[in-house]
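Protein chains in written order, with this note's numbering: chain F, 1 to 313; chain B, 1 to 215.
Everything labelled a hint here was simulated from the structure, so no lab data went into it. None of these values were measured; they are calculated from a predicted model. Please note that a few of the clues may not be correct.
What the hints assert, rightly or not - Okay, the calculated bits of chain F under chain B, using three or more residues with CB under 8 Å as the criterion:
(1) 79-90
(2) 279-286
What the hints assert, rightly or not - Calculated pairs, SDA-like style, for lysine to any residue (alpha carbon to alpha carbon, straight line, at most 25 Å):
(3) B:K170 with F:Q175
(4) B:K113 with B:L162
(5) F:K90 with B:K109
(6) F:K90 with B:R46
(7) B:K169 with F:A255
(8) B:K169 with F:R273
(9) F:K174 with B:K170
(10) F:K90 with F:L184
(11) F:K90 with B:G34
(12) B:K109 with F:R280
(13) F:K211 with F:P111
(14) B:K170 with F:K211
(15) B:K169 with F:G178
(16) B:K170 with F:L170
The beta carbon of each residue, even a glycine, is placed where N, CA and C say it ideally should be.
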Amino acid sequence: MLIKRPDEFKVSEITPEAVFLNRREFMAAGGVAAAGLAVGRLDGWTVGHEPSNRLSAQPSQQDDPQTPFQAVTTYNNFYEFGTDKSEPAKNAGTLKPRPWTVKVEGMAAKPGDYNIEDILKWFPAKEYVYRHRCVEAWSMVIPWYGFPLRDFINRFEPSPKAKFVEFTTLMDPKQMPGQRDLVLDWPYVEGLRMDEAMNPLTLFAVGIYQKPLLNQNGAPIRLVIPWKYGFKGIKSIVKVRFVETQPLNTWQLAAPSEYSFYANVNPAVDHPRWSQARERRVGEFLKRPTLPFNGFGEQVAAMYKGMDPRTLY
Amino acid sequence: MTRSQFIRFVAEPAVFAAALVPAGLIAWQGFHGGLGAEPIREIQLRTGWWALTFLMITLCVTPLRRIPGWNDVIKLRRMLGLFAFFYAMLHFSNYIGIDQFFAWSEITKDILKRPWITVGFVAVTLLVPLAATSNGFMIRKLGRRWGALHRLVYVSGALGVLHFLWLVKKDTREPITFAFILVGLLALRLRRRAPKSAKPRTEGATPREPATASG
Ligand code: HEM
Numbered sequence: 001m002l003i004k005r006p007d008e009f010k011v012s013e014i015t016p017e018a019v020f021l022n023r024r025e026f027m028a029a030g031g032v033a034a035a036g037l038a039v040g041r042l043d044g045w046t047v048g049h050e051p052s053n054r055l056s057a058q059p060s061q062q063d064d065p066q067t068p069f070q071a072v073t074t075y076n077n078f079y080e081f082g083t084d085k086s087e088p089a090k091n092a093g094t095l096k097p098r099p100w101t102v103k104v105e106g107m108a109a110k111p112g113d114y115n116i117e118d119i120l121k122w123f124p125a126k127e128y129v130y131r132h133r134c135v136e137a138w139s140m141v142i143p144w145y146g147f148p149l150r151d152f153i154n155r156f157e158p159s160p161k162a163k164f165v166e167f168t169t170l171m172d173p174k175q176m177p178g179q180r181d182l183v184l185d186w187p188y189v190e191g192l193r194m195d196e197a198m199n200p201l202t203l204f205a206v207g208i209y210q211k212p213l214l215n216q217n218g219a220p221i222r223l224v225i226p227w228k229y230g231f232k233g234i235k236s237i238v239k240v241r242f243v244e245t246q247p248l249n250t251w252q253l254a255a256p257s258e259y260s261f262y263a264n265v266n267p268a269v270d271h272p273r274w275s276q277a278r279e280r281r282v283g284e285f286l287k288r289p290t291l292p293f294n295g296f297g298e299q300v301a302a303m304y305k306g307m308d309p310r311t312l313y
Numbered sequence: 001m002t003r004s005q006f007i008r009f010v011a012e013p014a015v016f017a018a019a020l021v022p023a024g025l026i027a028w029q030g031f032h033g034g035l036g037a038e039p040i041r042e043i044q045l046r047t048g049w050w051a052l053t054f055l056m057i058t059l060c061v062t063p064l065r066r067i068p069g070w071n072d073v074i075k076l077r078r079m080l081g082l083f084a085f086f087y088a089m090l091h092f093s094n095y096i097g098i099d100q101f102f103a104w105s106e107i108t109k110d111i112l113k114r115p116w117i118t119v120g121f122v123a124v125t126l127l128v129p130l131a132a133t134s135n136g137f138m139i140r141k142l143g144r145r146w147g148a149l150h151r152l153v154y155v156s157g158a159l160g161v162l163h164f165l166w167l168v169k170k171d172t173r174e175p176i177t178f179a180f181i182l183v184g185l186l187a188l189r190l191r192r193r194a195p196k197s198a199k200p201r202t203e204g205a206t207p208r209e210p211a212t213a214s215g
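Whenever a hint applies, use it, and build me the whole structure from the sequences.
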């Protein structure tokens, strides 16, 4: 059984959505009001909050406390700054997130080079609290600021022939010293099928904890796909390309038997070297069960109908 | 101070204290939130690293004592070997009792199904008889078989390296360094042994152990 239907949760576990939304709205409004900004601008980008928070879909995530800022910004897999998880926070100072250009290429009516400042103006950022599940079986709950990737995509009018979107990270060993070590085939590349990219859950994140993204978290713009393992969330993106064939993502290239293109969170399909059935939420002692699609099955499972879940690791 | 007094009253306590520093640091940092966002994993990594490192240090003793005047380092070997065992046990206990929190079905599955864990498990298991026979009584009792038994330390070390190599996601530089060190140590050992084998071997008859080693 791959997808846990909502009716499999105990009724008592489910907070009625309205109650939850009110609570969130209340908390978000409280937080923002305390900071003196209802919907304001922070370092040149818009901050708001999204009352219809995507998290509401998953009962067990509603009450999950957010992972402390300290942990989210010092425990990172970002091999461009070193392979140890403490290294990005120490080494990412060399990255210059401004000025920054995102190239839009491939099968689209409006390709071109776009300045990050313009992008931030076109797409106001809102808060999305998502669980982040790393393929290494740890997880966090992170308040991202960002906008749905589909808004971005629509603006550049991809052709119907474009079936996939490919993303590329900056390639510059001066700014990203880890690229001098050939542990991966640089630059980092990721991809999504068009329907995945257009799913309203999929974000371009530009902020975290009401701040612009820190370098170690993928400044100035990164991908967040909450039902997939963290490595799909490519960081410091400089290129978005609309293509017809499935891109070869970096980790798949590195170890195809361990990481596939899809990388959907699935407790039933183990990594060859460890179980994916449970995860340790950073800051917690006991492991907790991992949910299919990281708890977002209702919104995304339909996209994979008829596909063998064992091929979607 | 005689040389043996120096070993006994200076070198041994100093090495003992130094060998406890990594464990002490883990404990101290653990209580002060200094182990990062995932302290349990950090403990797993550090204890594993030190177990392997102490195995390598222990294996350095025999080559080192060939340096003129260094023969007495042999007197530290038992302690170093036991520290390798100590860190391996911390590593194993952290996995069983903290990381997995006694989830026996998961643990059994890990050990049976995941070669890198299987290999780690065999490596710790092999260290148990070595630790158990690292006292004067067992050395005398086992006689020449003691030396043969304790050659298992190379097997344990090799399995430890393999375990490390298998578990890293992509950056294999560190386990490969350990592999080179191990192969180097083994080569030193074999090179030494080869010409000797023509003569009648006395080496195995006198276990090279602090109490009895004469060098
Ligand atoms: C049943 C026995 C063992 C188990 C279950 C075990 C388990 C583990 C686990 C879970 C990790 C962490 C992997 C990760 O989170 O990436 C690890 C790392 C490690 N283990 Fe073991 N291990 C065992 C025995 C050993 C032994 C005997 C040695 C050494 C002789 C050893 C050396 C290491 C090393 C060097 C690391 C990696 C440290 C690093 O990355 O810096 N392990 N082990």
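Verification of the hints:
no., hint, in the structure
1, 79-90, "holds (count 4)"
2, 279-286, "holds (count 5)"
3, B:K170 with F:Q175, "21 Å, holds"
4, B:K113 with B:L162, "16 Å, holds"
5, F:K90 with B:K109, "37 Å, violated"
6, F:K90 with B:R46, "20 Å, holds"
7, B:K169 with F:A255, "9 Å, holds"
8, B:K169 with F:R273, "10 Å, holds"
9, F:K174 with B:K170, "22 Å, holds"
10, F:K90 with F:L184, "20 Å, holds"
11, F:K90 with B:G34, "15 Å, holds"
12, B:K109 with F:R280, "18 Å, holds"
13, F:K211 with F:P111, "29 Å, violated"
14, B:K170 with F:K211, "32 Å, violated"
15, B:K169 with F:G178, "15 Å, holds"
16, B:K170 with F:L170, "20 Å, holds"
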